[in-house]
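Each chain, letter by letter, is given below.
Number of protein chains: 2
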Amino acid sequence: MSDTVKVIPLGGLGSIGKNITAIQYKSEIIVIDCGMGFPDEQMYGVDLIIPDITYLLAHKDQVKGIFFTHGHEDHIGAVPYILQQINIPLYGTRLTLGIIENKLQEHGLAKDCKMHSVEPGDCIQLEQMKIEFIRSTHSIAGACCIAVHTPEGIIFHTGDFKVDYTPIDGQTMDLERIGELGKQGILLLLADSTNVERKGHSPSEQTIGKTLRRLFEGVKGRVIVATFASNIHRIQQIIDASIKHNRKVAFSGRSMENITKVAKTLGYLDIPENMLIPLEEIHNYSNDKITIITTGSQGEPMAALARIAFGHHRVIKIQPNDLFIISASPIPGNDKLVSKVINELYKKGAEVIYKDIEDVHVSGHAYKEELKLIHSLTHPKFFMPAHGEYRHLKHHSDLAKEMGMKQENIFILQDGDVLELDHEKAAITGRVRAGNILVDGIGVGDVGNIVLRDRKHLAEEGMLIVVAAIDLETYSIMGGPDVITRGFVYAKDAEELINQVKAVATKELEMCLAYQMVEWYILKANIKKVVEQLLYEKTKRRPTILSIIMEV
Amino acid sequence: MSDTVKVIPLGGLGSIGKNITAIQYKSEIIVIDCGMGFPDEQMYGVDLIIPDITYLLAHKDQVKGIFFTHGHEDHIGAVPYILQQINIPLYGTRLTLGIIENKLQEHGLAKDCKMHSVEPGDCIQLEQMKIEFIRSTHSIAGACCIAVHTPEGIIFHTGDFKVDYTPIDGQTMDLERIGELGKQGILLLLADSTNVERKGHSPSEQTIGKTLRRLFEGVKGRVIVATFASNIHRIQQIIDASIKHNRKVAFSGRSMENITKVAKTLGYLDIPENMLIPLEEIHNYSNDKITIITTGSQGEPMAALARIAFGHHRVIKIQPNDLFIISASPIPGNDKLVSKVINELYKKGAEVIYKDIEDVHVSGHAYKEELKLIHSLTHPKFFMPAHGEYRHLKHHSDLAKEMGMKQENIFILQDGDVLELDHEKAAITGRVRAGNILVDGIGVGDVGNIVLRDRKHLAEEGMLIVVAAIDLETYSIMGGPDVITRGFVYAKDAEELINQVKAVATKELEMCLAYQMVEWYILKANIKKVVEQLLYEKTKRRPTILSIIMEV
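Chains U and B, in that order, are what the protein sequence lines are.
If you use full-length UniProt numbering, the first sequence corresponds to residues 1 to 552, in order.
If you use full-length UniProt numbering, the second sequence corresponds to residues 1 to 552, in order.
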C-alpha cells in the first residue's frame with residue numbers, strides 16, 4: 001500500500017469510555033473525540049482516566065484538529081489534559097464546544113484555545129482530508145456523525161447515536177445524507193456498539209415526556225427530578241411538564257447549572273423568562289409550584305441527589321409529599337449507590353419513581369434494528385465496530401456478518417491497533433502506544449500499577465509497622481521495637497497480639513545483632529518474615545508489613 | 001398485653017442477606033434462619049458479615065432451636081459462627097441440613113451439632129409453640145414456609161419463595177395447606193419482598209430446560225454451564241439436557257462439588273450411574289461428549305469460571321467451539337465482574353450465552369402477582385414485609401394496602417425492632433441489639449468502623465511515613481527523618497517530593513527540639529501537619545501520614 005489511510009483508535013475499544021480515534025492520511029492527522037474514562041473498582045483513589053497520546057505527540061505538527069461528535073464526558077472529558085500537551089484546534093457544534101469551553105475555563109485554559117463551531121452539514125476542508133458533520137440523534141443535543149472524505153474513500157464514524165424519528169427539537173438524524181454517502185460508496189464504517197445486544201428499536205425520547213406529564217398530575221408537593229445534566233432534551237421535557245402544571249423550575253448541582261446555562265444561552269434549551277428561579281428562592285413558592293432538576297441520578301455520594309437524601313443539601317430538605325423522579329438508568333456498577341439513595345428517600349417519607357417502577361428513561365444508543373438501518377444505508381466496504389467492551393464489538397461484528405458482510409472485511413481492533421486501508425484493501429498493520437493515564441488529584445500519570453497494587457493490599461488487609469533503632473557499634477537495640485497498625489485490627493482489641501509481635505520482632509532483632517547480621521535488607525526481611533508468620537497464624541490475614549530499622 | 005408473641009428480626013431487613021428472625025412466646029424462643037450477609041464495597045477486606053446475636057445469648061436457655069426455610073447462604077451461612085456461641089438444635093429439610101453439615105465439617109463443628117431433619121408437612125411441638133414446615137418452591141430444592149402456631153395465633157413466614165406451578169421435581173408449593181391455615185386465621189404474615197417491584201408472575205424453572213435443550217443442539221465443542229451450586233433444579237435440567245445430547249457431566253468448583261454430592265446422596269439430584277465423570281477425565285472424551293457444570297456465575301475472580309476465562313484453571317483450558325452458558329443473573333454490584341469474564345471468554349474465541357442474549361435464568365423470588373396470591377390465601381390480620389431493602393419493604397407494604405389491608409396493621413421493621421402481638425393487637429414495643437459483625441480471616445468482630453475508615457483512607461490515598469530518632473538528653477536528631485511511602489506515588493517518580501518532605505520534617509523537628517517542645521503528641525502532630533500541608537499543596541492528595549519518633 002502506498003498512500004493509505006490509517007485509522008488508529010487510541011481509546012474506546014474494549015471498555016466503555018475514553019473515546020478517541022486518530023485518522024491519518026499522508027502527513028495529515030485528525031482526531032475524532034477526546035474523552036475521559038472512568039476508574040474501575042480496582043483503581044483505588046483514581047479520579048479519572050485519560051488516553052495515552054504518545055502517538056499524537058510524536059506527530060505533533062501533523063495533527064490538524066480534534067473533531068467532536070458530541071459533548072458527553074467520555075468524548076470530551078480529556079480535552080483539558082490533552083490541550084496542555086498539544087494545542088490544536090477544536091471543531092464541534094455549538095453545544096459541544098460550549099460545554100468544552102466551560103470545562104477549559106475551570107482549568108484556566110479557555111483563552112489560548114482555538115475553537116471552531118460548526119453546524120450539522122458543514123464541511124471542514126483540510127489539505128488532504130475533508131471532514132463533514134452530519135446531524136444525528138443522541139441523548140444530548142448537537143450530536144453528529146462524522147464523515148472523513150479521503151482520497152482513498154470515505155470513513156464514516158457514527159459517533160454515539162440512536163435513530164429517533166421524533167426527537168424533541170424536531171431535528172431528525174440526516175438519514176438522507178447518510179444514504180447519499182452510502183450510494184457514493186463508504187470505504188469504512190465505524191459504528192456505536194453499546195446496545196448491540198438489545199433487540200428491536202430504542203424508544204423515542206418523546207415517550208418520556210408523556211410519562212412525565214402523567215406523573216406530574218396531581219402531585220401536592222415538590223417534584224424533584226434527577227437526570228444527566230447533559231441530556232438537554234430530557235431537561236426540556238421536564239421543563240415542559242412543569243409549565244403545563246404551573247411549576248417554577250430551579251436547577252441543583254454544579255454540572256446541571258453549568259450545562260443548562262450554556263444550553264440556554266446557545267438556544268438549545270427553551271425556558272420562558274419567568275419560569276426559572278434560583279434554587280435559594282424555592283421557599284418563596286408553595287411546594288406544588290416547584291420543580292427541581294438535579295444531578296446525582298447515578299447515586300454519586302457527592303452529587304446533589306445523594307446530599308438531599310442523606311440530609312446534607314444546603315437548600316433542599318425532604319418534605320412530606322415530595323415526589324422524586326430518577327430519570328436515568330444506573331450505569332453498570334452504580335446499582336447499589338442508586339439503591340442506597342432510593343432507600344433513604346423512602347425512609348425519609350418521600351415518594352420515589354425510578355426505572356423499575358415507570359418508564360422514566362430511554363437509552364441514547366441504537367438497538368439492533370437501528371444498527372441494521374445504518375449498516376444498510378452506509379453499505380460500507382469495511383467495518384470496524386466502535387464504542388464498546390469486547391462482547392459488544394463481537395456481537396456487532398456478528399450483526400454485520402448476518403447482514404452479508406464477509407468476515408475478512410470486519411476488523412475488531414484493540415486500542416492502539418493501526419487499521420490501514422486504501423480504496424480496495426484493509427488490514428491491521430501495526431500498533432502504536434495506547435493506554436490509560438490515571439489522574440489522581442493534580443497528579444497525571446504518577447499513579448501506576450505498583451501504587452495501585454499497594455493501595456489494594458492496604459485496602460484489603462491494612463498495615464502493620466515495626467520500627468526499631470539500633471546501634472551498629474555496640475550491636476544493641478537502642479529503641480523499640482514499636483508497633484503501629486492502621487486498618488488491621490483495632491489496637492484496643494489486639495493488645496495481646498501487638499505484644500506478641502513486639503516479642504518476636506525483639507527476639508529476631510536480638511538474634512541478628514548477636515550474629516552481627518546487620519545488612520539492612522536481611523535485617524528488615526527477617527523481621528518482616530517472623531511478624532508475617534505470627535500474624536497469619538493468629539489471624540489468617542496478611543497486612544502490609546513494614547519493618548523500619550534506624551541506625552543511631 | 002400480658003402473654004404476647006414477640007417477633008424480632010435480628011437481620012434481613014433494610015438490606016439483602018443475613019436473614020435471621022427470633023420469635024418469642026413466654027420463656028420460649030425459636031429462630032428462623034441464620035444467614036450471612038455480604039460486605040459492600042466500603043467494607044474493605046471483609047470476608048463476610050454475620051448477625052449480632054447478643055439478644056439470643058442473653059436468653060440462652062430459652063432458645064429452643066433454629067428452623068431453616070432453605071439452604072441458601074443468606075439463610076444458613078452464619079451457622080458455624082453462631083453455633084460456637086450457642087449450641088442449639090437445628091431443624092430443616094434433608095438438603096438444607098446436608099448443606100449445613102458440610103459447612104460445619106469444614107469448621108470442625110459437625111460432631112457436636114444436634115440436627116433434626118424434617119419433611120414438608122412435619123410439625124415440631126415445643127412446650128408452648130408448634131413449628132410447622134410447609135412445602136414451598138424456590139431456586140433451591142427442599143424449601144419450606146414455616147408456620148409458627150402460638151397460643152395467640154399463627155405466625156406465617158414464607159421464607160424465600162416463588163409460586164412455580166411446574167417445578168422440576170413435581171413437588172408444588174402446598175398452597176392448599178396455606179389456604180387452610182388462612183381459613184383458620186393467620187395472625188401475622190412475614191413475606192419475601194425481593195421481587196415486589198416486578199410486575200406479573202415469575203416464569204417457571206421449567207422454561208430454562210427448554211432453552212437449554214435448544215442451546216445444546218448441534219454444539220460441536222464442550223458445553224460449560226455456570227450456575228449457582230445450590231440451584232439443584234437448574235443443575236438437574238443441565239444434566240437432563242446432557243443426557244439427551246449424549247454428553248457426560250463433570251463438576252467444577254468446590255461448592256459445586258460439595259453441594260451436588262450432598263444432593264445426589266440425599267436423592268435430590270438424579271444422575272444415571274455412568275453419566276458423571278471426574279473433572280480430570282474430561283480429556284478422555286471428545287469435546288462434543290462433555291458438559292461441565294461450574295461455579296463462578298457471578299464473575300467472582302477466584303471461582304472456577306473466571307479462572308477458566310483468564311487461563312488459570314488447573315484442568316479446563318478454553319478450546320475452539322467451547323460453548324459457555326452463564327445461567328444466572330448478576331447480583332447488583334457484580335455486573336462488571338461478569339462482563340469482564342464474558343469479554344475474556346469471547347477474546348479467547350469461545351461462544352458465550354448469557355441473560356442478555358437468551359432466557360437462561362429465572363428468578364427464585366415471587367413477583368407481584370405471586371405475592372398477591374399469598375396475601376389472598378393467608379389473609380393475615382397483621383403483615384410484616386420481610387427480606388428486602390427498605391424500598392422493597394415499602395412497596396410490599398403498598399401492595400398489602402392495595403389489597404385492602406389497613407396501614408395500621410402493616411409493620412415495616414428495622415433489624416432489632418420488637419413487634420409484639422396478641423390475638424387482637426400488634427405494635428412495635430421496643431428494640432434489642434442487632435447489627436453487623438464483620439468477619440475477616442479468622443477474626444470475628446475485630447474489624448470495626450475505625451479499622452474500615454483507615455482501610456478506606458489507605459485505599460484512596462495511600463500512606464507516607466516519616467520516621468526519626470531523637471535523643472532527649474541532648475535534644476538532637478540521632479537518625480532520620482526517613483520517608484517511606486506505600487500506595488502514594490511511585491518513589492522513583494517522586495524523588496524530589498520525598499526530599500522536600502524530609503526537608504520540612506527536619507526543619508520542624510529541629511525547631512521543636514530547639515524550643516525543647518518534646519512532648520510526644522506535639523512533636524508528632526507538628527511534623528504531620530507540615531508534611532500534610534506540603535503534600536496537599538504539591539499533589540492535592542491527603543495520604544495517611546504517620547510520624548514515628550523514637551527516643552534513643
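By construction, these hints were calculated from the structure, which means they are not laboratory data.
Where hints are given, some of them may not hold.
Which copy is meant is left open, because identical chains are indistinguishable; a pair holds if it fits in one copy or across any two.
To be verified - Think about it this way: if two alpha-carbon atoms lie no more than 20 Å apart in a straight line, the pair counts; the simulated EDC-like pairs of lysine to aspartate or glutamate are: (1) Lys6 / Glu152; (2) Lys64 / Glu424; (3) Lys425 / Glu176; (4) Lys368 / Glu358; (5) Lys244 / Glu496; (6) Lys103 / Asp422; (7) Lys538 / Asp47; (8) Lys336 / Glu495; (9) Lys502 / Glu101; (10) Lys336 / Asp40; (11) Lys456 / Glu176; (12) Lys199 / Glu351; (13) Lys336 / Glu300; (14) Lys456 / Glu41; (15) Lys264 / Glu119; (16) Lys317 / Asp270; (17) Lys130 / Glu473; (18) Lys60 / Glu101; (19) Lys340 / Glu496; (20) Lys317 / Glu152; (21) Lys114 / Asp61; (22) Lys348 / Glu389; (23) Lys502 / Asp288; (24) Lys456 / Asp47; (25) Lys524 / Asp482; (26) Lys355 / Asp335; (27) Lys507 / Asp288; (28) Lys130 / Asp61; (29) Lys261 / Glu106; (30) Lys244 / Glu152.
These numbers come from a predicted model, not from an experiment.
Now for the hints, and whether the structure bears them out:
1. Lys6 / Glu152: within (11 Å within a copy, 80 Å between copies)
2. Lys64 / Glu424: Neither: 26 Å inside a copy, 81 Å across copies.
3. Lys425 / Glu176: neither (27 Å within a copy, 71 Å between copies)
4. Lys368 / Glu358: Answer is between: at 15 Å across copies they meet the 20 Å cutoff, but 23 Å inside does not.
5. Lys244 / Glu496: This pair counts as neither: shortest intra-copy Cα distance 69 Å, inter-copy 61 Å.
6. Lys103 / Asp422: Answer is neither; intra-copy 38 Å and inter-copy 64 Å both fail.
7. Lys538 / Asp47: between (37 Å within a copy, 16 Å between copies)
8. Lys336 / Glu495: neither (37 Å within a copy, 40 Å between copies)
9. Lys502 / Glu101: Neither, since 58 Å and 40 Å both go past 20 Å.
10. Lys336 / Asp40: both (15 Å within a copy, 9 Å between copies)
11. Lys456 / Glu176: Neither, since 52 Å and 54 Å both go past 20 Å.
12. Lys199 / Glu351: Between copies, since 19 Å is at most 20 Å while 32 Å is not.
13. Lys336 / Glu300: Close inside one copy (10 Å) and across copies (17 Å); limit 20 Å.
14. Lys456 / Glu41: Both: 10 Å inside a chain and 12 Å across chains, each within 20 Å.
15. Lys264 / Glu119: within (17 Å within a copy, 69 Å between copies)
16. Lys317 / Asp270: neither (28 Å within a copy, 59 Å between copies)
17. Lys130 / Glu473: neither (77 Å within a copy, 79 Å between copies)
18. Lys60 / Glu101: neither (22 Å within a copy, 68 Å between copies)
19. Lys340 / Glu496: Close neither inside one copy (39 Å) nor across copies (43 Å); limit 20 Å.
20. Lys317 / Glu152: neither (61 Å within a copy, 43 Å between copies)
21. Lys114 / Asp61: within (16 Å within a copy, 80 Å between copies)
22. Lys348 / Glu389: Only across copies: Lys348 and Glu389 sit 14 Å apart there, 39 Å inside one copy, limit 20 Å.
23. Lys502 / Asp288: neither (66 Å within a copy, 60 Å between copies)
24. Lys456 / Asp47: Classified as both: same-chain Cα gap 16 Å, cross-chain 15 Å, threshold 20 Å.
25. Lys524 / Asp482: This pair counts as both: shortest intra-copy Cα distance 14 Å, inter-copy 15 Å.
26. Lys355 / Asp335: Result: close both inside a copy and across copies, 12 Å intra and 17 Å inter.
27. Lys507 / Asp288: The answer is neither: 74 Å in one copy and 62 Å across copies each exceed 20 Å.
28. Lys130 / Asp61: within (18 Å within a copy, 85 Å between copies)
29. Lys261 / Glu106: within (15 Å within a copy, 62 Å between copies)
30. Lys244 / Glu152: neither (53 Å within a copy, 55 Å between copies)
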